[in-house]
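Trainee: Next come the chains, spelled out residue by residue.
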Amino acid sequence: MKEIVNCAAYSIGHKTVDIDLDKIHEILKDPSQFVWIGLYEPSEEILERVQNEFGLHDLAVEDAHRAHQRPKIELYGDSLFIVLRTVHMVRDCHIQFGETHFFVGTNFIVVVRHGSSVAYTDVRTRCEAMPELLSKGQGFVLYAIMDFIVDMYFPVVEGLEDALEAIEDKVFKGNPSRETTEQIYQLKKDLLEVKRAVSPFIDICNRLMRFDIKYISPETQPYFRDIYDHALRINEIVDNTRELLNTALDANFSLISISQNDTSRKFAAWAAIFAVPTMVAGYYGMNFRVMPELQWTYGYPMVVIGTLCICGVLYYLFRRSGWL
Amino acid sequence: MKEIVNCAAYSIGHKTVDIDLDKIHEILKDPSQFVWIGLYEPSEEILERVQNEFGLHDLAVEDAHRAHQRPKIELYGDSLFIVLRTVHMVRDCHIQFGETHFFVGTNFIVVVRHGSSVAYTDVRTRCEAMPELLSKGQGFVLYAIMDFIVDMYFPVVEGLEDALEAIEDKVFKGNPSRETTEQIYQLKKDLLEVKRAVSPFIDICNRLMRFDIKYISPETQPYFRDIYDHALRINEIVDNTRELLNTALDANFSLISISQNDTSRKFAAWAAIFAVPTMVAGYYGMNFRVMPELQWTYGYPMVVIGTLCICGVLYYLFRRSGWL
Amino acid sequence: MKEIVNCAAYSIGHKTVDIDLDKIHEILKDPSQFVWIGLYEPSEEILERVQNEFGLHDLAVEDAHRAHQRPKIELYGDSLFIVLRTVHMVRDCHIQFGETHFFVGTNFIVVVRHGSSVAYTDVRTRCEAMPELLSKGQGFVLYAIMDFIVDMYFPVVEGLEDALEAIEDKVFKGNPSRETTEQIYQLKKDLLEVKRAVSPFIDICNRLMRFDIKYISPETQPYFRDIYDHALRINEIVDNTRELLNTALDANFSLISISQNDTSRKFAAWAAIFAVPTMVAGYYGMNFRVMPELQWTYGYPMVVIGTLCICGVLYYLFRRSGWL
Amino acid sequence: MKEIVNCAAYSIGHKTVDIDLDKIHEILKDPSQFVWIGLYEPSEEILERVQNEFGLHDLAVEDAHRAHQRPKIELYGDSLFIVLRTVHMVRDCHIQFGETHFFVGTNFIVVVRHGSSVAYTDVRTRCEAMPELLSKGQGFVLYAIMDFIVDMYFPVVEGLEDALEAIEDKVFKGNPSRETTEQIYQLKKDLLEVKRAVSPFIDICNRLMRFDIKYISPETQPYFRDIYDHALRINEIVDNTRELLNTALDANFSLISISQNDTSRKFAAWAAIFAVPTMVAGYYGMNFRVMPELQWTYGYPMVVIGTLCICGVLYYLFRRSGWL
Amino acid sequence: MKEIVNCAAYSIGHKTVDIDLDKIHEILKDPSQFVWIGLYEPSEEILERVQNEFGLHDLAVEDAHRAHQRPKIELYGDSLFIVLRTVHMVRDCHIQFGETHFFVGTNFIVVVRHGSSVAYTDVRTRCEAMPELLSKGQGFVLYAIMDFIVDMYFPVVEGLEDALEAIEDKVFKGNPSRETTEQIYQLKKDLLEVKRAVSPFIDICNRLMRFDIKYISPETQPYFRDIYDHALRINEIVDNTRELLNTALDANFSLISISQNDTSRKFAAWAAIFAVPTMVAGYYGMNFRVMPELQWTYGYPMVVIGTLCICGVLYYLFRRSGWL
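Chains A, B, C, D and E are the protein sequences, given in the same order. Numbering (the numbering used here) for the first sequence: 1 to 324. Numbering (the numbering used here) for the second sequence: 1 to 324. Numbering (the numbering used here) for the third sequence: 1 to 324. Numbering (the numbering used here) for the fourth sequence: 1 to 324. Numbering (the numbering used here) for the fifth sequence: 1 to 324.
Any given hint could turn out to be false.
Since the list gives no way to pick one copy over another, a pair counts as held whenever it fits inside one copy or between any two copies.
Calculated pairs, SDA-like style, for lysine to any residue (alpha carbon to alpha carbon, straight line, at most 25 Å) [unchecked claim]:
1) K170 / L324
2) K195 / I12
3) K173 / E193
4) K266 / V5
None of these hints come from the bench; they were simulated from the model.
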């Protein structure tokens, strides 16, 4: 995948021209245009060229190169630097995280994508298909990509909710097992990571709505409120799932104990049932000279039948009291 | 059920006329009137017509169509968009959630109902029966429906409190069982969902009381404070029930352990009682040439009576110490 | 008990006259006087008469009639509506809750008492005995009754602290039992209810101290701060007791497990001691043709003494290692 | 111990004269002097005389007499009333609490000590030895005593940290026991009480630093920040110890369970080892007419040696798998 | 290691001269220069000389001498006093803490290092290699050292994350053991200490960014925001690890119980298998005169084979149901 995914100038909602990185400063002279650049894991050299064209701050560029940042929004002079974590569900419910960095200035937006994530080509196509919205400038582009990123979280949190349901089934229907306990732990870990990735969105959108920056027009504010709302919802689902998971862990634990109790009772009941014939057999194994029963012709079958009866009664009693 | 449940104009507290959706703009010219529309799961086409009549914001209309929103209040220009979750208890304590969306503007209120919920026809009838209050305009209509929605929560939280009481009875009076644990989990789940639905009311009412909008007159503020108060109370009951439920889970767990201990003790006691005759029988089963007792005429009955006595004493001792 | 407990006019700290409910408006004309009415679970009709005399708000009067409100303070125009929960300990540590509602206006205070609670006749007598304080007006009356209500909480929280101590004794000195667990749960429930009743006092006093209302003079502010302080203290004791109770629940649980372990060990030790003679007896019960010991004259007593010795040694060893 | 510990006037950092309680008003006329009174559990009569001399507020004096107040700071007019809890470790780690109340006004400071605590004579001596600091007035005296009180907390929290370490040792090195569980509970109780006593310091110092009172000069502010800092540190240690204690309780619980498992396994292993000879003995105790082994001359020793071998192998296997 | 590690004057980003402690006041006259002093556990005497040269506050100097302070930032007049905790991982994952104190004034920065930590010589060299940044004055020096200190935390928290992973492996793959429980406790302790050391950074950076001090230029603010960001990230990792650790403790506990249950079941199953031949042997050990089977020639082998078959079937059944 090439580093410079895209680099074009837009005017009144339409793409005017695909441009070369080094020609940007010529475009920037025209205030009615803005430049939208998409990069993918750019080399230090490319980033330096971009930095020079737009006059970006050293610290922001360093962050954009190193990746592994916290999601955040920062204002350097009058240009914005935003870091967001993207999320991506690959087969068998494995979650992969990526990062996207934005530099937004008076007439440009630079989008730097890191790690595993879906490309933003679709977003670009969709934006170009809505010139009346795209004409609102780079603020709208920022919204469009952020919205796309947030929407990627929904299948992920739904996957986590499904995982919780699967665990519930195992806990309440199956037997307590090491696997369930490990799955609970794993789900907790995933939830914590998703939470850490999504919760900063709330603060970021909040600040985007309050910032008084000319290239984010007041009429795009409801759009950021929309993202804010989605982030809140994802956050809420994650918190909810986490709380339920904790309860599931506790319930799992109670059920393990109940199961232990069942084992003890079953064992005790069978031990009692077995104890009777063993004891009886021991009795008639005694070597007393005078033990009249031993001389009876039907002594042996009577004893066998007698103990079987006692065992039967015990079995019935344990069954009734729920020990068996 | 038809999509347009009702559509009428009101003036000075009285219904003036039932109108057609496409005639609304004619009514809107008269500032002394306001239009109250009730929709039920409207199609995209109907919503678009409503949007055109009142000039609603795209994002709000999109939300109103898709449903499954978080409860929220949003101001687009000078028209309000409110989303509330309704609740509804169907037979055997099953809780069903619905959604109601409100668009409130200078002289209209549009109420969009989604999912399972009771219709607002009763509210309309009651409002029409109180012209002096209805003459306060669409702000009062908003209050009347919100109050109705909040009042629907009371039977639900009472149902949840009853469920907790049933669980308490099972935990403290019955035996620890898998069913009780599962019911605790289920109740926790319901509480979380009700909490998520009702807690945004607090913030929404708070903001309605602070908003400075001409069509919500200062004299309707105490009414919204009343809803705020009800929401607080429901919220408090839910929190309380949740905290008690957590303690019940812990108590349940302690009782499982105590019950396990009881089983162990009972088993140990009976094992001890059985061990005596078994051991004695084994003893007199030994084949030593010289064992004087075996030759005694009353050896056998003496041994039987002796072991029975020991067993009796053991039984008494275990009984006294609470192991049996 | 009659509904209108008391209805009198006060001037410069002294009661001037007992008046009839319908004569109140005549008294109200004189700004130097204020009216103090005490009601007990008034009928709708009485409340309506009071409402008409003082011009109270519909919503407040409705609340005062229905009772079962959250403790709260509300300002309707320039008249205050306050709801407080009263508490009352009846024999054997059972806590009963009641409600008291206050309407305070320019020259009146109406006190409506609901449910189980002690009458405020003593407060009235005490106020009348301190004319210099009573001359501060209805603000002081409000303080006097609120102080009385808060003071009723102290014996209750002390009772709860005693209950915790009783539980501690049972947990650490007695055996783990179902009763203790149920008492812990019950105490938690009581604590939650008291907490819910007392914690709103903090906010209510806070707002009374900040309100700028002419009939609550700045010099009565330290008095409300005093109540605020008491409420904080009760709140703190409740929180403390709750936290300790949670630890007691955990400790109780640990002790149940230790007790279980003790049972297992004791059982294991006795089983081992019993296993020896049983095994020996089995051995000498074998029917081998050649078993020299069986022919010895002192074989039997030697075996008996031998096994007794082994059992003695085992007993001593288990004793030493703490299993017995 | 006498009630009036000390009563002297100070001017420009030096004690001018020891005075009688009733002569104070004469001293107060001279604005360059301030009076420092130290009382120990004063009678109502003494407090009344002090109140009259300085014009203290009724509510504050009542608090100072009754003691058992929450730590707090209150402003009555322009005189401060401060309540602090003192702490004191007596032998064998028992913590005793006391109370100290301060009345600070334009040219006086009254220090009222209650319950078990160290006298402030040392503080007075130290202050008198630093006239340049003492000349900053009663604000500095307040600081000096508060600093002394906070410093008394350090040995106490260190004692609590030592107690935690002792518990850790018992939990991880010794056997789980009832005593450890009770000690954990006791330590938790102590921590809660110390926390309750020390945490209000933070707020009190904060407010002292913000108060704009002429007799607390801006240059004494860093001194109160110093106390604030110490209080924060003590608070932090207490919170830390508490959190670790909770984990220790959980760890203790895990270890009890592991120990229980060990008991079960040891018992199971020995039971298995004993079961073999018992079963074999039973076998050769059967009375079948035809059992060739019984007739062998070496049958008996062979069986004995055979079972011993099997037991040996079992012992070795259980040992290897960690059950023994 | 000598106490005065370094003492030099800087001007326009370059070191001008190494100076003696007593000559500092001569340098300070020139406002275009600033002095950077590095001390290591200085004696009281050295600190006093530094204090005199720069006019530092008594309380700050006392703190700097005693060490063992909470991380904090304080403003004395217009000079800053900052305390930070440094961290340092020595071999086998043992964490050592140190302290660094900063005095920053109009044209000086004094860095006092305490306890185990890496020297700041590298930082000095790096700063001197970037004259354009160093020319921003002592604010930049403060940033450079703080950045260095925060960066030392990353290997430590990574070490803690590795420790958690090792514990996870032991919990989910190995057997529950006392060692794992103790390691969990130890890790929790380390996490608490790191958290306590790093979390104040957030507040300190926040205040540095807001302080309006001339020697911390607005253009160094983004640098402090960078440290703030790192501190937030470390904090987040610590919180995350802590939360996972708690879940691991719970999971560990569940697994101990499951393992206990496995032991009980295995024991019960083997006891049942052994009970059969024991009982059978007892039966044919009875001494009834008439027991036909005993007379059969193949009675003995039939019984042996029969019991072996039953045992085999039992073994198969227990195996299938997972008890063995």
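Trainee: Indicate, hint by hint, whether the structure satisfies it.
Mentor: Each hint, compared with the structure:
1. In this assembly of identical chains, the alpha carbons of K170 and L324 lie at most 25 Å apart whether taken from the same copy (23 Å) or from different copies (21 Å).
2. In this homomeric assembly, K195 and I12 never come within 25 Å of each other (Cα to Cα): the closest approach is 38 Å inside a single copy and 47 Å across copies.
3. For the homomeric pair K173 and E193, the shortest alpha-carbon distance between copies (23 Å) is at most 25 Å, but the shortest distance inside one copy (29 Å) is not.
4. In this assembly of identical chains, K266 and V5 lie within 25 Å of each other by CA distance neither inside one copy nor across copies; the values are 68 Å within and 62 Å between.
Of the hints listed earlier, those the structure fails to meet are numbers 2, 4, in rising order.
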